[in-house]
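Spelled out, the chains give:
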Amino acid sequence: MAEVKSSGTEAEATTQPRAVAKPKTGLQRFLAQYGLSYGFMLPYMIFFFAFLIIPVGVAIWLSFTYFNMLEPPRVIGWSNYRLLFLEDDIFVLSIRNTLFFAFITGPVSLSASFLLAWFINQIRVRTLYALAFYAPSLTSAIAMAVVWRIVFSGDRYGYMNYFFMRMGFIQEPFLWLIDQRTMLPVIMFVMLWMSMGNNFLVFLAGLQTVNTELYEAGKVDGIAHPLQEMWYITLPSMKPQMLFGVINAVVLMFSAGFEISLSLAGLPSPLYAAHMILSHLYDYAFIRFEMGYAAAIAVILFIITFGIGQGALRLLSSKDE
Amino acid sequence: MIIRVGKFKMTSGEFTTIAALTILAAFMSLPLIFVVSHALKPIDELFLFPPRFIVRNPTLRNFQDLLIATYSLNVPFIRYIFNSVFVAFCTVVGGVLLASLAAYPLAKHNFPGRHVIFIVVISALMFTPQVTAIPRYLVVYQLGIIDTYFALVLPGLAIPYALFLMKQFMEQIPAALIESAKIDGATEWTVFWRVVMPLVTPAWATLVIIIFVGTWNDIWAPLVFTRTESMRTLPIALQTLISQGSVARQGAYAAATFIMITPPVVLFTLVQRRVIATMAHSGIKA
Numbered sequence: 002m003a004e005v006k007s008s009g010t011e012a013e014a015t016t017q018p019r020a021v022a023k024p025k026t027g028l029q030r031f032l033a034q035y036g037l038s039y040g041f042m043l044p045y046m047i048f049f050f051a052f053l054i055i056p057v058g059v060a061i062w063l064s065f066t067y068f069n070m071l072e073p074p075r076v077i078g079w080s081n082y083r084l085l086f087l088e089d090d091i092f093v094l095s096i097r098n099t100l101f102f103a104f105i106t107g108p109v110s111l112s113a114s115f116l117l118a119w120f121i122n123q124i125r126v127r128t129l130y131a132l133a134f135y136a137p138s139l140t141s142a143i144a145m146a147v148v149w150r151i152v153f154s155g156d157r158y159g160y161m162n163y164f165f166m167r168m169g170f171i172q173e174p175f176l177w178l179i180d181q182r183t184m185l186p187v188i189m190f191v192m193l194w195m196s197m198g199n200n201f202l203v204f205l206a207g208l209q210t211v212n213t214e215l216y217e218a219g220k221v222d223g224i225a226h227p228l229q230e231m232w233y234i235t236l237p238s239m240k241p242q243m244l245f246g247v248i249n250a251v252v253l254m255f256s257a258g259f260e261i262s263l264s265l266a267g268l269p270s271p272l273y274a275a276h277m278i279l280s281h282l283y284d285y286a287f288i289r290f291e292m293g294y295a296a297a298i299a300v301i302l303f304i305i306t307f308g309i310g311q312g313a314l315r316l317l318s319s320k321d322e
Numbered sequence: 006m007i008i009r010v011g012k013f014k015m016t017s018g019e020f021t022t023i024a025a026l027t028i029l030a031a032f033m034s035l036p037l038i039f040v041v042s043h044a045l046k047p048i049d050e051l052f053l054f055p056p057r058f059i060v061r062n063p064t065l066r067n068f069q070d071l072l073i074a075t076y077s078l079n080v081p082f083i084r085y086i087f088n089s090v091f092v093a094f095c096t097v098v099g100g101v102l103l104a105s106l107a108a109y110p111l112a113k114h115n116f117p118g119r120h121v122i123f124i125v126v127i128s129a130l131m132f133t134p135q136v137t138a139i140p141r142y143l144v145v146y147q148l149g150i151i152d153t154y155f156a157l158v159l160p161g162l163a164i165p166y167a168l169f170l171m172k173q174f175m176e177q178i179p180a181a182l183i184e185s186a187k188i189d190g191a192t193e194w195t196v197f198w199r200v201v202m203p204l205v206t207p208a209w210a211t212l213v214i215i216i217f218v219g220t221w222n223d224i225w226a227p228l229v230f231t232r233t234e235s236m237r238t239l240p241i242a243l244q245t246l247i248s249q250g251s252v253a254r255q256g257a258y259a260a261a262t263f264i265m266i267t268p269p270v271v272l273f274t275l276v277q278r279r280v281i282a283t284m285a286h287s288g289i290k291a
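Here the protein sequences line up with chains W and R, keeping their order.
Take the first sequence: its letter number 4 is residue 5 in our numbering, and every next letter is one higher.
Take the second sequence: its letter number 1 is residue 6 in our numbering, and every next letter is one higher.
Chain R on its own, in the form it takes in the complex (with noise of 0.2 Å):
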C-alpha cells in the first residue's frame, strides 16, 4: 500500500515506522520544550499551580532579570562563558586524541601486556568516581595545579569510556586494509591519521559530543578544584546567582537553565551529520 504525503510517497510499513517515532520523538523532547518554554514565561505563569506547560504569555523579561543579575558578580559574566567553552574545548580535542592514540594500538596491534591494560581500563570505567573524588582532589594538590585551567582539563582527559568506544570501533577496521597502507610505505603515524581515523569518524564525532556535553554540565571539577571566583565556570556562576535570590529569581533560572542548554544542541545539531552520515566505505570490506 503505498500512502501519498504532498509530494511524497511511502509504503504504509513507512508512514507507521514515522508516526511512531514522531510521537515518541515528541516525547522524548519534553525537557526541550520545557526548558525553551520555561524560559519565556513571565513571573505570574512560573509559579502557577498546576504548572503550566507551554508558555502562553511568552516574555523576555527572564533574560533581562538574569542579564541585571549578573551585574551583582564580582568577575564579568563573560569571564565564566570563557572558562566554561575553553575548558571544554581543551577537554574534548585532548579527551578524543589520547583516547584514539591509545586506542589504535589497543585494536590493531599485538603487544604484551595488551589485554591486561584493556581489563584494568573497564575496570576505571567501573569504580565510583564518588569515592575517589579525595584521592584525584589530593594528586590534583600535590600537582600544585589548584586553581588553575590545568586542574580543570588534565583530570578529566583520560576517560576510560573514551578508549573503550573508539577501541570497539577501530577493532572494525580490516588489517588488510592497514597492511596495505603500510605495503604503500607509510608510517604508522600516517596510518592513523589518514587511514584509521577518518574510517571511524562517527565514533569521535560521537565522542566530541558526549564529552562536550559532560564537561559543560560538570560542576563537580570547577567546585573542588579552583578556589577564585575567576576561574569558575558557567554552571557554577548560574547557582551562585540563583541561590542568593529567592522567590524573584526564579525567572532568571529558567533563563540561566535556557542559556546552559543552548551551546550542546547547537553542537549536537553541527557534529551530528558526521555520527549520522553514511561514509563511503569503498574501504571498509569485512
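Only chain W is shown next, with the shape it has when bound in the complex (with noise of 0.2 Å):
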C-alpha cells in the first residue's frame, strides 16, 4: 500500500532534500519522511509483484483446486492437503528422503564451501582455483549427468566399478545407481560437488569485507594460528555472508537435489530410494498434470523450507551472543 501511495519518481524523490517543505497532512509528512526508502524499492517492487507475488498467490490458491491444466480449476477445499499426508505414502517417504538429503549436505556443502573461500583467499594466485572451484557450477546438471552416468555406471567399465575391482574392495561390479543402499548417497555426493559454486563466490566476496584493522588488532591480542584468526576474527565479521549462505544452503537443499535425482535415478526411481519432494511435484504437474495436488505439494515444501531457515537463522544468530 504505501509503496504504491509514494510512486514519486525517484529523480524526484532525491532531488529534494529532506523535509524542505513544511508539511500539512498526516500522508504528505510519511512521505517527506520515509518516501525516498519507498522510492528506491518501487522499481523492485513492481516486478517483484508481478511476477513473483502474484504467481505465488495464484499457486497457493490452486492448491485448494482440482486443476488438469485442461478444464478451468474447481475448488475442493483441504481435498488435496487430506489425500497428501493420509493417504499418499510415496509422499511421506519423499519428505523423509528429503529431509536426510538435505541434512547432510546442507551443513557439508556450507562449511566446505567457506573453508575453500577461506583457503583461496589466503594464497596469492587466485583466478585458476577460483575457476576451477566454480567451474561445476558454470555447467548443468543435465549435460554433466553424462559424466557421472559413466562414472557410476553398473558393469565393470564404469570408472568407480573398474576402480574398486582393481583395488580388490570388491569383486563383482556394483550397482550403484540402482541399488537403493548407494542411489541417494551417489547423489548426495553430486550435488556436494555441484552445490558450492555460488556460496563460494559469496563468501570468497565477503572475505574481501572482512576490516583488515581487526587482523592487526587480533595479533597483538595473541591471536597466532590462521585457524584461531578465522574462528575469532573472519567468522563473526562475516556474519551477514554467513547468514545468506545458510538461507541459500538451505533453499538449495530442498529444491535442487532433484534435477540429479532425475538425470541420474530417473523417475520414478528404483523403489522411490532416491524420491524428492520435488520428484514427487514434479510427477503431478507435469507428467499426471495434477496441477492442483502439485500446488499443494509445493506449498509444503515452502513451510518445510521457510520453518528450516529460520530456525537455521535463530539458531546461528543466538550462538553468537
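Heads up, a few of these hints could be off.
Straight-line distance between alpha carbons at most 25 Å, and here's what the computed DMTMM-like set of lysine to aspartate or glutamate pairs gives [claimed, not checked]:
| id | chain 1 | residue 1 | chain 2 | residue 2 |
| --- | --- | --- | --- | --- |
| 1 | W | Lys240 | R | Glu176 |
| 2 | W | Lys240 | W | Asp222 |
| 3 | W | Lys240 | W | Glu230 |
| 4 | R | Lys113 | R | Glu184 |
| 5 | W | Lys220 | R | Glu19 |
| 6 | W | Lys240 | W | Glu217 |
| 7 | R | Lys113 | W | Glu214 |
| 8 | R | Lys113 | R | Asp189 |
| 9 | W | Lys240 | W | Glu214 |
| 10 | W | Lys220 | W | Glu230 |
| 11 | W | Lys240 | R | Glu184 |
| 12 | R | Lys187 | R | Glu176 |
If you are wondering where the hints come from, they were derived from the structure by calculation, not from laboratory data.
Two chains, two frames, a set of hints: combine them into the complex.
Shown next as C-alpha cells:
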C-alpha cells in the first residue's frame, strides 16, 4: 500500500532534500520522511509483485482446487492436503528422503564452500583456483549427468567399479545407481560437488569486506594461528554473508537434489529410494497434469523450507550472542 | 620449515595447503576438462566404450559439423547468439540495478514495513518455481508481451536472491560513513552511487556472474515465453539441432556444449578480479 502511494519518481524524490517543505497532512509528513526509502524500492517491487507475488498467490489458491490444465480449476477445499498426508505414502517417503538429503548435504556444502573460499583467499594466485571451484556451477546438471552416469555405471567399465575392483574392494561390479543403499549417497555426492559454486563465490566476496585492522588487533591480542584468526575474527565479521549462505543452502538443498535424482536415478527411482519432494511435485505437475495437487505439494515444501530456514537463522544468531 | 620451489619460498604449511587445493581444484574442474576434451574428439572416440576422459586424436571436425548443421535452421545462427547475449545483458544490468536500489533502504534506512518486506522477499526465494511457472505465464500473457524481448527479460528482473545478497553486504557499511557523506551535502542518490555501490563491489560483481550464468543457461523462459524461431535463444537452438539428428550429431552436440560454456568462463575470468581483489577499505571501520 505504502509503496503505491509514494510513487513519486526517483529523480523527483532524490532532488528534494529531506524535510524542506513544511508537511501539512499526515500522509505528506509520512512521504517526506519515508518516501525516499520506498522510492528506491519501487522499481524492484513492481516486478517483484507482478512476476513473483501474484504467481505465488495464484499457486497457493490452486492448491485448494482440482486443476488439470484443460478445464478451469474447481475449488475442492482441503482435499488435496488431506490426500497428501493420509493416503499418499510415497509423499511421506519423499519427505523423509528430502530431509535426510538436506540435513547432510546442507551443512557439509556450507562449511566446505566457506573453507574453500577461505583457503583461496590465503594464497596469491587465485584466478585459476577460483575458476576451478566455480566450474561445476557453470555447467548444467543435465549436461554433466553424462559424465556421472559413466563414473557410477553399473558394469565393470564404470570408473567407480573399475577402481574398486582393481583395488580388490569388490569382486563383482556394483549397481551404484540402482541399489537403494547407494542411490541417495551417490546423488548427495554429486550434489555436493555441484552446489558449492555460488556460496563459494559469495564467501570469497565476503572475505574482502572483513576489516583488515581487526587482524592486526588480533595479533596484538595474541592470536597466532590462521585457524584461530578464522574462528575469532573472520567468521564473526562475515555474519551477514553467513546468514545469506545458510538460507541459500537450505533453499538449494530442498530443491536442487531433484534434478540430479531425475538425471541419474530416473523418475520414479527404483523402489522410490531417491524420491524427493520435488520429484513428487514434478510427477504430478508435468506427468499426471494434476496441477492443484502439485501446488499443494509446493505449499508443504515451502512451509518446511521456511521453517527450517528460520530455525537455522535463530540457531546461528543465538550462538553468536 | 621453508620449501623452495624455483624462485618462490614458502612454509611447509603453505605448501601443503597449495598441494591439497590443487588436487581438489583438479577434481572440481573435471567438467570443464571433459567438455573441452569431448568437443575435440573424433567420432570413433566419442562412441568409445569405456569412454576416454582425455581426447587422444584431437580434431576440429565437430565444430565443422555444427556449422553445417546450422544451415538447416530457418533463422541465421547469429540471431540466436544475439538473442542470448542481449537477454543476458539486459537481465544482468537490470537485475543488479533493481536489487541494489531496493537493498539500500532495506539495509540502511528505517521505515515502516521494512521487516515485513524483507520476510516476504525471503519467502519468495523459497517458493518452488515449478508451480509458479503457469501463473507467471498467465501474467506475461495478460501483459501482451509473449514472444517479445520483454517476455524474456522482465520476469527475470526481480531476483529475491540478488536483493538478499546486496542487503547483507550493505549492512556491513558503517552508518557513520553514510552520515558523514550526508553532512558533506551528498543526497541519498549520490550516497548510493558514490559511497555504497563502490564499497560493495565484490557483491555486485558476484551477482553479475551468478545472474549471467543463470540467464545464459536458462531453457525454460525462452521455451515458454516465445513462439517464433527468431526469438529463441542459444540453448533452445542447440537443443533443436541435436534432437533433429541422431547418432551422427553427437559430435555437433559436444561442440555445442563447448560453445555454450565458453561465454560464462570468459565472463568469470574477467569479473572475478572484482570479486576477490581486496579493495582499499580505507572507509570501512567497524
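To see whether the hints hold, each was checked on the structure:
1. With a CA separation close to 10 Å, the supplied pair Lys240 (chain W) and Glu176 (chain R) stays within the 25 Å bound.
2. Restraint check for Lys240 (chain W) and Asp222 (chain W): satisfied, since their Cα atoms lie roughly 22 Å apart, inside the 25 Å limit.
3. Restraint check for Lys240 (chain W) and Glu230 (chain W): satisfied, since their Cα atoms lie roughly 15 Å apart, inside the 25 Å limit.
4. This hinted pair checks out: Lys113 (chain R) and Glu184 (chain R) have alpha carbons roughly 11 Å apart, not beyond 25 Å.
5. Our distance criterion of 25 Å between C-alpha atoms is met by Lys220 (chain W) and Glu19 (chain R), whose separation comes to about 19 Å.
6. Proximity of Lys240 (chain W) to Glu217 (chain W) is assessed by CA-CA distance (about 20 Å); at most 25 Å being required, the pair is judged to hold.
7. Restraint check: the Cα-Cα separation between Lys113 (chain R) and Glu214 (chain W) comes to about 23 Å, which is no more than 25 Å; the hinted pair holds.
8. In summary, the hint linking Lys113 (chain R) to Asp189 (chain R) is supported, as the alpha carbons are separated by about 18 Å, within the 25 Å threshold.
9. Straight-line distance between C-alpha atoms of Lys240 (chain W) and Glu214 (chain W) comes to about 17 Å, which keeps the hinted pair within the 25 Å bound.
10. Taking the CA atoms of Lys220 (chain W) and Glu230 (chain W), the gap is near 9 Å; set against the 25 Å cutoff, the hint holds.
11. Of the pairs offered as hints, the one joining Lys240 (chain W) and Glu184 (chain R) holds, with about 23 Å between alpha carbons and a cut-off of 25 Å not exceeded.
12. The suggested pairing of Lys187 (chain R) with Glu176 (chain R) holds, with an alpha-carbon distance near 17 Å, which does not exceed 25 Å.
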